[in-house]
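Put chain F on the given structure of chain P with help from the hints.
Keeping their order, the protein sequence lines are chains P and F. Note that this note's numbering has the first sequence beginning at 6, numbered continuously upward. Note that this note's numbering has the second sequence beginning at 6, numbered continuously upward.
Rather than coming from a laboratory, the hints here were simulated on the basis of the structure. Don't take each hint at face value.
You can't tell identical chains apart in this list, so a pair holds if it fits in one copy or across any two.
In silico DMTMM-like pairs for lysine to aspartate or glutamate, Cα to Cα no more than 25 Å straight-line [to be verified]:
(1) Lys198 to Asp159
(2) Lys85 to Asp196
(3) Lys198 to Asp82
(4) Lys85 to Asp165
(5) Lys198 to Glu56
(6) Lys85 to Glu20
(7) Lys85 to Glu12
(8) Lys198 to Glu183
(9) Lys198 to Asp172
(10) Lys85 to Glu217
(11) Lys198 to Asp132
(12) Lys198 to Asp165
(13) Lys198 to Asp8
(14) Lys198 to Glu217
Protein chains: 2
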Amino acid sequence: MGDAAREAASTLPPEALVSDVGSCKQSIAASLAVALPNNTVIPAHPVAGTENSGPDAGFASLFRNRWCIVTPPDATDLLKLTALVEFWEALGANVEIMDAAHHDLVLAVTSHLPHLIAYTIVGTASDLEDVTESEVIKYSAGGFRDFTRIAASDPTMWRDVFLANRDAVLTMLQRFTEDLTALQRAIRVGDEKTLFDHFARTRAIRRSIIEEGQDDDRPDFGRSDHEA
Amino acid sequence: MGDAAREAASTLPPEALVSDVGSCKQSIAASLAVALPNNTVIPAHPVAGTENSGPDAGFASLFRNRWCIVTPPDATDLLKLTALVEFWEALGANVEIMDAAHHDLVLAVTSHLPHLIAYTIVGTASDLEDVTESEVIKYSAGGFRDFTRIAASDPTMWRDVFLANRDAVLTMLQRFTEDLTALQRAIRVGDEKTLFDHFARTRAIRRSIIEEGQDDDRPDFGRSDHEA
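Chain P extracted, bound-state conformation (with noise of 0.2 Å):
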């Protein structure tokens, strides 16, 4: 990104405002304020997307009622700012200002994290001996194909992504680890109550996640077995 924007930077007018849509932002921030330094840099991060990269996998409603992420560096010229503010919201997304490490906290336990781990469920489901591959695949709806989805991102980026943001997606891991052990250790216990406990409290966030309008409330997210 660095090498790209240094070549970039001998056409580009110094009035040019410059902007991203990268998955993590104080890592592309600083490269691009160094690449760019005659320009006014503003990093963003459209929080959507499907599993599917690249241009075919644009559709008109991509950025429609999701985040879009802004993160000016100090002393941002405002109406810069504005301008990418309001390109954003033309495409209909809702916009937030943040500062980039704290972007990257977020997105480290809301997009990162969740990734790391539906990468990890599926290699072990695809490496034990006595349950096959195709059974795996038979039986997935249990609840394994929900992680297949994001699972079945693009492996460049994502490769990019956890070496990008590497001391937020460990400090995540390492919490969302001590959480696993806990749970761990109930089921070997019997600890009836910590499990009961534990799963009771999880579902408020569901039912929030579809009131903001960040999910489908349909059986399985309107999965087209349903319609037929």
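Okay, now just chain F, sitting in the frame of chain P:
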């Protein structure tokens, strides 16, 4: 379940075929065999459903193109087994015959482990100090929301599933944890090749699940925002 079956035992004619639809099969098979010594007991498990429980959560196509696993004990009467298979086929399901121990291992990876992980990550995300629950909800379209559906499942049922299938769940969890630790190390040391190779091999399973009709290939399973 054993108690309910014992109560029913006195009112059941000896020719009655008894089955169930629970998520674990070894423990239920043992309980039912003790509670109903005079009846033919053939456990079954339709791998279908949503995060909602109870009669109101049903819909006409619930079992269509889903697999129902039937786990007949040794020496099960073939006519009775055929009757049960035909019952499930009449509801639209495909039927697979399997022994109860293998069922419990297969479901530990395709259903129980995914639920445990989903419950864990939703709990982890709710407990952060630096990221608010409102932020987790707003930016959930980055991947997190895919986990929240199954983490909204019935807590009583899932407490019982993990305890009834404890050994197989702990075995699968151990493998998952090893695999996650390997990826964590790759992130920490910046091992690009290990990350890329792992992420590249998990796409094929997704394609197979869609080809087998166990999921929907529309973007985001056809979540309604794409149809807007």
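Tested hints:
no. : hint             : verdict
1   : Lys198 to Asp159 : between (40 Å within a copy, 14 Å between copies)
2   : Lys85 to Asp196  : neither (56 Å within a copy, 39 Å between copies)
3   : Lys198 to Asp82  : neither (55 Å within a copy, 41 Å between copies)
4   : Lys85 to Asp165  : neither (29 Å within a copy, 57 Å between copies)
5   : Lys198 to Glu56  : between (37 Å within a copy, 21 Å between copies)
6   : Lys85 to Glu20   : within (10 Å within a copy, 80 Å between copies)
7   : Lys85 to Glu12   : within (23 Å within a copy, 74 Å between copies)
8   : Lys198 to Glu183 : within (18 Å within a copy, 27 Å between copies)
9   : Lys198 to Asp172 : between (34 Å within a copy, 19 Å between copies)
10  : Lys85 to Glu217  : neither (29 Å within a copy, 50 Å between copies)
11  : Lys198 to Asp132 : between (33 Å within a copy, 19 Å between copies)
12  : Lys198 to Asp165 : between (41 Å within a copy, 11 Å between copies)
13  : Lys198 to Asp8   : between (55 Å within a copy, 22 Å between copies)
14  : Lys198 to Glu217 : neither (31 Å within a copy, 38 Å between copies)
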